[in-house]
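Peer 1: Here's the letter readout for the chains.
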Amino acid sequence: MINKYPLWKYLLILMVVAMGVIYALPNLYPDDPAVQLAPQRGSVQITERHLSQVTRALDNANIEYFGQDIENNNGIIRFKSDDDQLKAKTLIQEALGEDFVVALNLAPTTPQWLMDLGAGPMKLGLDLRGGVHFLMEVDMKEALSQRNEVYISEMKTLLRSERLRYRRISREEGTIRVLFTNEEYLSKAKTVIRSEFPDFVQTEKVEGENLYLDLKLSDKAARDIEDYAVKQNLTTLRNRVNELGVSEPLVQRQGRNRIVIELPGVQDTAAAKRILGATANLEFRLEAASDAGTLDTEEYPFRDSASRRATLERDIIITGNSVSNAQSSFDENSQPQVNIDLDTQGGKLMNRATRNNIRRRMAVLFVEHKVKTRVIETEGEKIEQRIPYVEKHIISLATIQSALGNSFRITGLDSPSESSELALLLRAGSLAAPIYFVEERTIGPSLGKENIELGINSVQIGMAFVVLFMLAYYRLFGLIANVALSANLILLAALMSMMSATLTLPGIAGIVLTLGMAVDANVLIFSRIKEEMQNGASPQMAIHAGFERAFVTIFDANLTTLLVAVILFAVGTGPVKGFAVTLSLGIITSMFTAIMVTRALVNVTHGGRQLKKLSI
Amino acid sequence: MSRINRSIDFMAKRKIAGYISAILVVLSLVSLAVNQLKLGLDFTGGTLVEVSFQQAPELNDLRKELEIAGFDDVTVQNFGSDRDVLVRLGQGFSPTVGDSVLSAIKQNASYNVELKRAEFVGAQVGEELRDQGGLGMLLALGLVMAYVAFRFQLKFSVAAVSALAHDVIIMLGLFSVLQLDFDLTVLAAVLAVIGYSLNDTIVVADRIRENFRRLRTGTPTDIVNVSLNQTLGRTLITSLTTLLVLLALFFFGGELIHNFAVALLVGVVVGTYSSIYVAANVLLALKVDRDDLIVPEKEGLEEDDRP
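Chains A and B, in that order, are what the protein sequence lines are. According to the working numbering, the first sequence is numbered sequentially starting from 1. According to the working numbering, the second sequence is numbered sequentially starting from 1.
Chain B extracted, bound-state conformation:
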């Protein structure tokens, strides 16, 4: 196999990569257990008011004014620019809170205040959304597992889902370590990463399957290595173009989808890594070999058709 000689021996480092992944996953889980996710308004319920001042206000004064007005448990922070302020109230849902926050701010401000958005989410709605989101994620993983098992083989399916779980856990872990707001758009990003990373993993798996059928010699490790090398160029280029557009979103997309872009940036990087190291690694650990992929009759005919 001349091809192996001039290529990168990915699988030689599989032990180290495995350890790195394991450590990252464990760290993420620990952080998720200790720090937990800083859930956004969508999931916790509560009140949020975003206002735009004509001049940058003093945040501490604003906080005090709101406390004097009788709002306890207030978070006041800049949002995007120093003239935009986000006020978050921890207290439960009441439809009038937003209006009174705004009027409290307006009363004390010496210059123009403009309401950019106000959101009130009932605690129960948030809770349901949380359950629904978690359920959606599990459903996505389950369906993917079934599809891959159907199109490929069970070992591939376990490998793909491990890679996805790896990506999701690390993404969530990072959000918990950095204490970034986890809201609905970030959940959307997580699901999008599941889609993206899966895409990557399947491209590699597809190659591995093809090579198992085509190359009559070589150990499973060799085959996986060859396949990874053959798909490497594509994996890198696609990741690069995706990262490019994500950078555009990150820098020019505005504050509202900032965390969405962060989640996707992390997800794409981790997803690219995981399709090389996690998916392939698990596949080898499961002792995948030629017998798992006996060529069915029909596909054999197709092979012969090739020019």
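This is chain A alone, in the form it adopts within the complex:
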């Protein structure tokens, strides 16, 4: 039988479209602006009592709210408008205090039965929702030299314990240079260093009396260190973002040394930047003994008075990276202090260093990585140069009374806010290597709303244009094509929701473009059918041949477009990626709807009947 599908094919198509409708449906329920409450520490439970505390504050301020609920130890309160939401956030933070993270959120309004099926709306990109986008770059050079610094101090210990006398160890341009004066020590040192530090490539250099051993990290080891630095930074930034209290944040590695951070809904970029970019860290060092050589010591100013200085050993006992927990509090004199717990390794190192040096003094160095920007003019062009520099100040210098263990406290901080920020940074982990902001985009909430409106408008108008045109030009077959086009739009929305793809403004443009191009397959088929009829085929024959013969063309043409869309996805970033996603998905769904859905509709309406002519 010509132009008849078997029953299962109709059912399959119907099922796919029905699934599409279900999974696209949640997009019709707009999210409510909401405020989310979460405890700062996992041990605290959010209870009805907290909620009523919040609602009382809201009632007092005459802010309308609804749907307050507790789920997974997170409280949620919904609001009628964004303005209410913003006002409420400040109020709620005040009411609950610092023990809770209060974040702006969008609460889904998807009905329960849809949620049970795993359906949910598409995510909106920052350009539709408002928020901040940061691109940060990890300073790889600094990561390496920091690591080399640690190696140097380990090597010194090794050489000393092996009683191999060296004159000097210095770090220059990515290599560690050890100076020996004795051939025997040099060759022995080579063997121990090779076995203890296999990642280093050794080269020897002789200059008169001086025997140099140059140690350079192998490329692979260097890459591993860089990789580790980026991963470590990623973790740290995630922790910090969580402390910021942003719902649905994105922290992601991009390329070799960059990290993307997207914070939807955040408008106060300055605060976000301060916390994210903070590079404060601590170093614990012994004060230099009076007879120490100048090569092994460094002099640093005190933070409270720059004129006071102290000479410290170059070797670092531990850094803030060994801190496992930190809490700010006050000492007996009501001065801010930070209580620090070290991890096992850090505790051991600290214990060993302090045990052998009782009565000596230990300094806590406050380390900050900063960047100076300088504009230099070369060949008439102004180029901005970024010069990173490190500021180190002593915040405390105290006599070691007894061997220190895993936990102790540090003092000498300016203010309670500084001690709590330091505690936060130590807790969230310090950055393994300095990072810089290389890109920042802030989208105001009003622009986001405007973009959604514009997007929806152009989809509707574009769709109306195409639908009217097809109806006018192809009449009944045009109507069929329009049904297929609607199915395409639904399936596209469903696919995007199921993949929880992010919808952006260019993504909407991609949908609009797909609408225009999706009818192409139908046009190809219909033109073929017309042509076959002109060549004298009967209507049924023409329909059959038209579909069959247009298929190869449609396939070839769409596959190449898909190829280009995939490249676009690989090349593009952010919003443009969104465009590539909608374009590729649109191509796939349009092939299904234009070929299968249209065919099914034509078969149902025309198949198996005697036809004199076609309304095409």
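If you are wondering where the hints come from, they were derived from the structure by calculation, not from laboratory data. The structure presented is a predicted model; accordingly, all values stated were derived computationally and were not measured. Note that beta-carbon positions come from the ideal geometry of N, C-alpha and C, so glycine has one too. Mixed in with the good hints, there may be bad ones.
[What the hints assert, rightly or not] Computed list of chain B residues with no C-beta within reach of chain A, every gap over 12 Å:
1. L39
2. L41
3. D61
4. N78
5. M137
6. L139
7. V203
8. T238
9. L243
10. V266
[Unchecked claim] Which residues of chain A face chain B? A few of them, derived with a C-beta cut under 10 Å, are:
11. L25
12. T269
13. L562
14. I567
15. G572
[As the list claims (entries may be wrong)] Ranges of calculated distance between the beta carbons of each label pair, as one might list FRET restraints:
16. G536(A) to D9(B): 21 to 27 Å
17. G70(B) to V390(A): 27 to 33 Å
18. D61(B) to A310(A): 54 to 60 Å
19. G233(B) to Q460(A): 24 to 30 Å
20. L59(B) to D116(A): 53 to 59 Å
21. I70(A) to I68(B): 50 to 56 Å
22. G70(B) to A310(A): 36 to 42 Å
23. E67(B) to A310(A): 45 to 51 Å
For this one, chain A is given, so just place chain B on it according to the hints.
Peer 2: The following block gives chain B in isolation, referenced to the frame of chain A:
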């Protein structure tokens, strides 16, 4: 061949069309060399702040205020409406510039100013994106060439890629002549046009291949003409529907995707023209003939299956 008689003899005008295309391409290249592309923030790096005033501000005053505040190399322009203002700073990247621009504006404005967006892109990021974009475009062309050579034949592949290069160059040329901002979304549009124009070209190529195999008589020029005529209706209708939706984007899509819509509108028009004249033209210039498309065994069987 009765069909040829009642159809348009496209290929009769192929010389003229060829000249027109060549002139347009050369003009575009000249403009690209002289005027260059006005690259957007995405590719140059820099700072951009879009603010919305409650009342239309005087742009000149705003410019002066910003200069007094110490910003040199400032562009101030309306964006969309006369209440929306876009401030672009040529100087290099520094994360604090945006905030200080906003506060400088706020300080001097007597009415409410709302920040719509602020973007800072580091110079290096822009440069990388530029390289990546160019690379992406070349990669797209290369892959397309390989695919078409595989599915069709090398001559078709050269023809398709010439048509695409033609489209891309003319689009870029127009952006350079009109000095429209070329940003990431426009790059996306260019790539989309590559996809679209290719789609068109392949539909025509598909027909040419089919007709070479089906029609035993006729010169290559005749075959190309027949094929163009057979696909003409489809080419025009698809272009029309696509143009319709693009017009919707152009008029209702808002300022942010305005240039995107412009690029696509131009691209679709040029792409439609190029699949008729450039691709077919190059194909004939390469002396395509029946021998290039010897029917493989399998496809021959398929032909017999036809009712």
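Peer 1: A separate judgement is required for each hint: does it hold in the structure or not?
Peer 2: Tested hints:
| no. | hint | result |
| --- | --- | --- |
| 1 | L39 | 15 Å, holds |
| 2 | L41 | 10 Å, violated |
| 3 | D61 | 23 Å, holds |
| 4 | N78 | 16 Å, holds |
| 5 | M137 | 8 Å, violated |
| 6 | L139 | 6 Å, violated |
| 7 | V203 | 5 Å, violated |
| 8 | T238 | 4 Å, violated |
| 9 | L243 | 8 Å, violated |
| 10 | V266 | 14 Å, holds |
| 11 | L25 | 24 Å, violated |
| 12 | T269 | 8 Å, holds |
| 13 | L562 | 8 Å, holds |
| 14 | I567 | 5 Å, holds |
| 15 | G572 | 6 Å, holds |
| 16 | G536(A) to D9(B): 21 to 27 Å | 25 Å, holds |
| 17 | G70(B) to V390(A): 27 to 33 Å | 29 Å, holds |
| 18 | D61(B) to A310(A): 54 to 60 Å | 55 Å, holds |
| 19 | G233(B) to Q460(A): 24 to 30 Å | 28 Å, holds |
| 20 | L59(B) to D116(A): 53 to 59 Å | 55 Å, holds |
| 21 | I70(A) to I68(B): 50 to 56 Å | 54 Å, holds |
| 22 | G70(B) to A310(A): 36 to 42 Å | 40 Å, holds |
| 23 | E67(B) to A310(A): 45 to 51 Å | 48 Å, holds |
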